[in-house]
Structure formats: structure tokens, C-alpha cells
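Q: Sequence:
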Amino acid sequence: MEDKKYIKLITSTEIAEYSNIKGFMILKPYGYKIWENIKKIINKMLIKNKYKNVNFPLLIPKNLFDLENKYIKTFSKECAIVTHTKLIVNKNNELIIDKNSKLNEVLIIRPTSETIIWNTFNKWIKSYRDLPILINQWCNIIRIEMRNKMLIRNSEFFWQEGHSAHINEKDALLEINKIKLLYKKLIKYYLSIPYISGYKTNKEKFSGAKFTYTFETITKNKGKFIQLATIHFLSKIFSKAFNVKYINKNNIEKYPYGTSCGISTRLIGALIMVHNDDHGLLLPPKIAPIQVIIIPIISNIKKKKKIINFIKFIKNNLKKKKIKVKYDNTSKTPGYKFYKYENMGVPIRITIGKNEINKNIIEITRRDTFKKKYLYLKKNLNKKILNILNRIQKNLYKIAKNNINKKTYKIDNYNEFKNRISTNCGLILSHWDNNTKTELKIQKETRATIRCIPIQKKFKEIGKCIYSGKKSNQRVVFGKSY
RNA sequence: CGGGGUGUAGCGUAGCCUGGAUUAUCGCGCCUGGUUUGGGACCAGGAGAUCAUAAGUUCAAAUCUUGUCACCCCGACCA
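Here my numbering is used: the first residue of the first sequence is 235, the next is one more, and so on.
The set of hints was computed from the structure by calculation and includes no laboratory data. Do not take every clue at face value.
Restraint ranges, calculated between C-beta atoms of paired labels, are given here [said to hold, decoys possible]: (1) Lys613 - Glu403: 53 to 63 Å; (2) Lys273 - Tyr610: 17 to 27 Å; (3) Tyr610 - Lys632: 26 to 36 Å; (4) Lys632 - Lys479: 34 to 44 Å; (5) Gly703 - Lys360: 50 to 60 Å; (6) Lys553 - Ile531: 33 to 43 Å; (7) Asp562 - Ile260: 22 to 32 Å; (8) Asp300 - Lys333: 23 to 33 Å; (9) Asp562 - Val340: 48 to 58 Å; (10) Gly703 - Lys628: 38 to 48 Å; (11) Phe258 - Gln677: 44 to 54 Å; (12) Lys617 - Asn707: 47 to 57 Å; (13) Lys540 - Lys422: 24 to 34 Å.
Using N, Cα and C, we set each Cβ at its ideal position, and we do this for glycine too.
From just these sequences and the hints, can you work out the full model?
A: Pasting the structure below:
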């Protein structure tokens, strides 16, 4: 039920729609604009952090995966595989694959790019002077998942993947801390999404990493988990797999240490799942494609020109302050427009009709509270609008935070745990004996997984594992994932 | 990959059980003209469908049978 609402929200706001290929979506202008806004923010932060943007090939030769496979314990790879290069027309005028065009070396459409990047690092890294290397690419990747959910688990999605190589472990870990701060800023201050972060368990981590650090949030209605961002400490795993070595100051060969990190279009799915109400979507002003919508009310034809001029004046004024403003002059009725832009999550609505003109004011409605305000034109209108946008930004975080708090449970009893999971899940803090077997058993019995092992002090306490009763040093986060 | 469901106009659907009065229903959207506009406007006219696909049963198939394809949902999977 809730999922239908989610899909309807995506399609009715024109963020995305189903394509005719299973698991592949069409990201429409409104959705793509949100993505572009997220991109801008992270890109700027990465560049500031000395990352350089690059682009590696979409296709990766299978033999590179073979190399990697010797060193990294991997499970099945659900990827798209390219085996031929040509189509021909047969006698019946049908297009068929030309069997003569079979590739000697099978190519894999990237499911992630560590493989090809570390293979290239082999050429790039020779001396300690070549390090650190910090690169990032914005691209699409394909993982043919058996089961999809639009924007949450697509077979194709868009992401940013940062990759770094360092002289030693200390530098690599420092880099991870930097990225942590950067993602935290994006998620909390730009997306207004409250999160819980921590390490993945061995079972859940990226298998090519020594550890994975994750940011997670829960959805507004079902309390299911969505992964927002991950950072992997690759240690020397990939440098060993691809034989990447540098010579240090003492003329000794060393393996560099690697990290990788990423955020994807799933963040848009998270935004939708976290910020919504009965009227539709609520977008945080900092990433909203439209921050202010101006709706004219023309009830008197004689004043039409005056109203339009008034609106243009205000629009231009707001534009000067780089406020993303749109004036909807379509012939639809005001009521229609109110519903439309509320559904699209536009933070502020300005309504202008003859009443406003007569009094030289504008009517402002906040999307989050629906509170109306009347502002006089001359008194720092732009400043006041920016102020309201700011307050909406913070309020969305507050609302979502309250929701997480409400859905957070400390549970020390397995029956209670099972009940919780089977009803309305949420964020469950329980003790765990740090044993993968226990983790698997809990998952089998309840379908809950360990979402992360948080690092903050407040989670450290001596207790007993909820399943085995063995000793535990801290609480971990259990929940159901999307 | 297992189980279930669906496929009728751009979208959402009725009709299918029980084959024929079907010229395939209705709503939204679209086009033209006009009147409107303070919470999803109204009137008049109009365009748009080989009923997913292939074969079969029949005098007759959107409707029954079989195959195929696609998508959705629930599992398993998920670097």
C-alpha cells in the first residue's frame, strides 16, 4: 500500500517513470534537476577536498575481474555482459546477432569501478611522489537485480564514485574521516535527512573492503532502512590484487592503501520516503528545483496587466538573490496549481491577485506548515523569503528527526524484538555477540539485518546478545532494509 | 530464479465468469471555440484502440484453450 503511494508520488511529480526495460527508469526533468542539485553540492565539496573528476570506461574486460577474484572473496555478480558487437539482418528481414562478431574477451558493464581503476593505478603509481591520488567519477552503473524498486534499487543507477590511494593506512583513514564529514554535511544540512551511521558488519560490508562505513535513515511511514552513502576502506586489498606498488623514500616497494566512496540517485528515493505528507512531497529548499512558485489570481480582467507586471517585478527581484522562482502563467485555475505544487514539494508559494495589488503586499504560504503570511513589498522581501526557506530547511530535518526518534526502540528481549520487526519495524537498538552466525540466524528468523554498528559513545555499554545471550560491548542497529 | 498478478487510447479503467445488440464503457488528459480564475472550472464540438503477441476452438473471440513476451507484487538474491 505504502509502496503504491511512493510510486505514485514519483510519477505524479514527474520525477521519474518506468521504462519498458525491467528495473530501468527514466529520470525526468524534475527528478534530474534534483539530482543535478545534489551533484553540484557534492562535486564542489570533493573538488575542495582535492578530488579530480575523471571518466573510466563503461565496459570492463572480464579478465580484470578474474584477477580481482583471486584476492577478493566475491559472491555472484549480477551484471550485464557484452559478448557480441554486431547486428545483421537475416533472410526474414529480422535483426539478429552476428555470430561472427563474438568477442574474444567478454566485457562487463561496470557494476562499480574499483576493478578498472586499480588496474589503471598500476600504471599511475610508481613512486611515493605519485601519492595520494584522489579521483572521482559521475557515471551510471548496472547491477541486474532480481527485484527492483524505483530510485531505491534500480538495475541502472547514477552515482558518484570516489577512489583514492595513499602512502599508508593513517592517510587513508584520514581521507575516510574527511569524506564522512562531507557526506554528513550533504545529508543533514542539504537534504535535511537525519541519519544513523556506523560500520557495516563483515557480512554486510563491501567484500573488497576491510571495512565499510555507512549512513542510513528510515522511511517516514514503514520505518524501513535506506542506505544513503557508503565509504569503504580498501586497505591493501586492491593494490595487492592488481599489483600496484610504489617505491618509498628508502627505495623500498610498498603497497598503497585505498578507499572508495559513493552516493547515488537512491538519495532522491530517500528524500521522497522521508519528506512527505498527505499533500505530497516536501523538498528541502537547498535542493528543490523550484524554491518559490508564484501563482497569479486573475479575477478581474481590467487588472490583469497590473497583476502580471507586479508578479514580474517580484520574480526578477527574487532572481537577483538567486532564489529559484517560477511563475506559473498557465490557464489552469489557482486551485489546480495549489495542489500541483504542493504535491511537487515546492517550499514556498506566493499568491498574487487584486487584493495583493491593492494593498501592495504578497501572500506567502509555507509548504511544511501551511501557515500564511502577508509581506509588505518594500521591507526586505528577499531577505524575508531567504529566511523562510532557511526555516523550512531546518523544520524538515526536525520533523524527520522526530519521526526517527519515535520509531527508535531499545530492545533486550528476543520475543519483543520479533514482534517489533513483524509489525512496524523502525530502528532497533539491541545487543549482538559480534558473530556472523548469530546475525544470519536472526535474519532468517525475523528478516531483520544489522544496518550498522554505530561508533558514538552512547551506544557503548555492556550487555547480552539478544539472540545468544553472550557478552556484548555495545548496541547495534537492527532493522528491515528496503 | 521460485510463487502470485496484470496486460483494453497518453494515463487510469468497464466489459471476460456465462462468446453474439460492441459502433469496445467511463473518467482524466489532449485539440478547437467560448465563458472563467481567491483550493483540483464550465459549456459545445473533436481526435485518439489492429483489446500485449502467436496459434487454436467456433458460424462468431477483448471474452474460451495453449504457447510466447513484457511489466508489477511477494520470496530468494543484492560488491
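Q: Please go over all the hints and tell whether each is borne out by the structure.
A: We went through each hint and held it up to the structure:
no. : hint                        : in the structure
1   : Lys613 - Glu403: 53 to 63 Å : 57 Å, holds
2   : Lys273 - Tyr610: 17 to 27 Å : 38 Å, violated
3   : Tyr610 - Lys632: 26 to 36 Å : 29 Å, holds
4   : Lys632 - Lys479: 34 to 44 Å : 51 Å, violated
5   : Gly703 - Lys360: 50 to 60 Å : 54 Å, holds
6   : Lys553 - Ile531: 33 to 43 Å : 22 Å, violated
7   : Asp562 - Ile260: 22 to 32 Å : 24 Å, holds
8   : Asp300 - Lys333: 23 to 33 Å : 24 Å, holds
9   : Asp562 - Val340: 48 to 58 Å : 52 Å, holds
10  : Gly703 - Lys628: 38 to 48 Å : 43 Å, holds
11  : Phe258 - Gln677: 44 to 54 Å : 29 Å, violated
12  : Lys617 - Asn707: 47 to 57 Å : 51 Å, holds
13  : Lys540 - Lys422: 24 to 34 Å : 44 Å, violated
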